[in-house]
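Construct the complete structure from the given sequences, taking the supplied hints into account.
Chain by chain, the residues run as shown.
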Amino acid sequence: MRFSALKILKEGLTGNRGWAPHWRDPAPKPEYDAVIIGGGGHGLSTAYYLAKNHGMTNIAVLEKGYLGGGNVGRNTTIVRANYGLPGNSEFYSHSLELWEGLEQDLNYNVMHSQRGIINLFHSDGSRDAAARRANAMVNQGDDAILLDRDGVRKLLPYLNYDQERFPIRGGLYHPRGGTARHDAVAWGYARGADQRGVDLIQNCEVTGIDIEAGKVVGVQTSRGVIKARKVGMVVAGRSGQVAAMAGMRLPIESHVLQAFVTEGLKPCVDHVVTFGMGHFYISQSDKGGLVFGGDIDFYASYAQRGNLPTAEHVIEAGVTLMPMIGKAKLLRSWGGIMDMSPDGSPIIDRTDIDGLFVNTGWCYGGFKAVPASGWCMAHLMATGQPHEVATRYRLDRFETGRGLMDEEGTGAQHNLH
Amino acid sequence: MRIDCPLCGPRDRREFTYQGDALALDRPDPEAGFGVWNDYLHNRDNPAGPTRELWYHDSGCTAWLVVTRDTVTHEVHRVELARDVKEAGK
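First to last, the protein sequences are chains U and G. Just so it is clear: in the first sequence, position 400 is 400 by the UniProt record's numbering, and no numbers are missing. Just so it is clear: in the second sequence, position 62 is 62 by the UniProt record's numbering, and no numbers are missing.
Everything labelled a hint here was simulated from the structure, so no lab data went into it. Backbone N, C-alpha and C define an ideal beta-carbon position, used for all residues, glycine too.
Over 10 Å on every C-beta distance to chain G, these chain U residues come out as not near it, computed from the model: (1) Glu103; (2) His112; (3) Arg115; (4) Tyr161; (5) Asp162; (6) Arg229; (7) Met245; (8) His279; (9) Pro323; (10) Ala328.
With the Cβ distance kept under 7 Å, some of the chain G side facing chain U (calculated, not the full set): (11) Met1; (12) Arg13; (13) Arg14; (14) Tyr18; (15) His42; (16) Asn43; (17) Asn46; (18) Ala48; (19) Thr71; (20) Val72.
Restraint ranges, calculated between C-beta atoms of paired labels, are given here: (21) Asp84/G with Asp33/U: 52 to 62 Å; (22) Asp33/U with Cys61/G: 53 to 63 Å; (23) Ala5/U with Ala24/G: 53 to 63 Å; (24) Pro267/U with Asp58/G: 34 to 44 Å; (25) Gly69/U with Cys61/G: 37 to 47 Å; (26) Thr68/G with Asp354/U: 30 to 40 Å; (27) Asp105/U with Cys61/G: 53 to 63 Å; (28) Asp33/U with Asp58/G: 52 to 62 Å; (29) Lys327/U with Gly89/G: 54 to 64 Å; (30) Asp354/U with Asp39/G: 18 to 28 Å.
Below, the structure written as C-alpha cells:
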C-alpha cells in the first residue's frame with residue numbers, strides 16, 4: 001500500500017475500507033542473520049537501513065513492549081544540526097539531510113516542519129560562543145544566522161525583553177531546524193522495514209545474550225531462543241541492563257528528563273525557542289499544545305517521571321522568558337529515561353564480543369539522531385566498519401581519553417552534562 | 001523526594017546535590033591501570049532498583065552522604081554520613 005493524495009481521495013469516497021495494517025505481526029523465526037534489540041526510533045531505523053542500504057532482510061527487531069513505546073514517544077520532537085565539535089558536527093549534519101528526504105523515502109508523513117530554531121544569548125560571552133558555533137555550523141555546510149536583539153524581536157515579539165537578569169541580546173537562528181511528529185517517525189521506519197521483509201516482533205523481551213568463545217550466537221527471549229550471529233543493542237534508557245546480559249558495564253548512567261505540554265492554543269509560537277541560561281525550551285505542536293522542557297532532574301532514575309523541583313524550575317524559566325504562557329493550563333507532564341554518557345556524546349561501536357554491537361549514550365538528544373543513528377548502526381552491523389560520519393563514536397574513548405566530544409566544555413565525567 | 005539527613009533530619013531534595021554512584025568512595029590505587037580507572041571513573045552498574053549514591057547537603061550542613069535509593073520508585077531507603085561509611089570500610 002502506497003500513500004498518496006489520490007489514495008486518500010479514493011478511500012474518502014469509498015468509506016475508508018481499503019486501509020491495511022502498516023506492518024505484519026509475525027512470530028519469531030528460530031534464526032536470523034541479525035537481530036536488533038529495541039523497537040524504538042533508533043532500532044527501527046537501523047532495521048530499515050540494514051534492509052534498504054545493505055540488502056539484509058532476514059533480520060528481526062525484538063521489542064519488549066510495543067513499537068515506539070519508549071523514548072521515541074516521549075521526547076519533545078526537535079530536529080536540528082547545531083553541534084560544534086568534529087564528530088557530532090558531521091553526524092548531525094548527515095542526520096538533518098536524511099530528515100529532509102525522509103517523508104519521500106518512507107512514503108510516510110512524519111510532519112517534518114523546518115520552522116527554525118533560535119538559541120537565545122544574554123551576554124557578550126554567550127554571544128561569542130553562539131558566533132563560534134554558528135561558524136562551525138556554516139563550515140559544516142549547514143545554516144546559521146546570528147541575530148541581534150532587534151532581529152530576535154522581529155521573529156519572537158512575545159518574549160519579555162525587559163527582564164534584567166538575562167536580558168536578550170540576540171540569538172543563533174538555525175532555519176533548517178524544526179520539529180517532526182515523533183510517533184510517525186517510528187511508524188514510518190517500522191512500515192518501511194516491514195515492507196522489506198524485516199520481522200518486527202513485539203512483546204518479546206530479551207532475557208539473555210548467548211555468547212560462545214567470544215562470539216555472539218543468539219539471544220534468549222520471552223518468546224524462545226533466537227539464533228543470530230549479529231546482535232545490535234539499541235535500547236537507550238535500558239542500555240545498562242541489556243549490556244549486563246553480555247557481561248558488560250557501560251559508561252552510562254540513566255537519568256530522567258521531564259517534558260510538559262499545555263492545553264491546545266491558537267498558533268502563537270512559530271519556532272523552536274531555547275533559553276539555555278534558564279534551562280527552558282519550547283515549541284508548539286501542530287495540535288496547538290505548547291511543548292516545553294528543561295534540564296534533566298540530575299539524579300539516576302528509571303522512573304519515567306520526575307520530581308517537582310525541576311518542574312518548578314522549568315516553568316519559572318518559561319514564565320520569565322515569555323510571561324504569556326503563564327495563562328496557559330498545563331495538560332500533562334512526563335519523563336523519559338536518558339542514557340547519559342560521561343562526555344555528553346553518543347556511542348555507536350563494536351564491543352569486545354564478536355558480532356555484538358552497541359548503540360547508546362544519546363543523552364537528551366536522541367530524537368534528531370534517529371535517521372543517522374540507524375544509517376550508521378546499519379553500516380557498522382553490515383560491514384563491520386564504522387560509517388564515515390560516526391567514526392568518533394567509539395566506546396573506548398573514555399578509557400583512552402582520545403577523541404572525547406564534550407560540547408559543553410565541562411569535562412568528560414558523569415553528572416556534568 | 002525527601003532525604004533524611006543524619007545531622008539535619010528530613011529535608012527537601014532541593015537542599016541536596018546528587019554526586020554520582022557511591023563507588024567514588026573506593027578510589028583505586030594510582031598505579032592500578034587504565035582498566036581499573038576506567039571502571040572507577042566511567043563504567044557504571046546503573047541498576048534499575050536499589051542503588052548507593054553520594055549526595056551533598058550543600059544548602060544544609062554540607063555533609064557528604066551515602067544514600068541508598070531506588071531508581072525506579074525514587075524511594076529513599078537509607079541515609080548515612082559518607083565519613084562513617086568510609087571509616088567503617090564498607
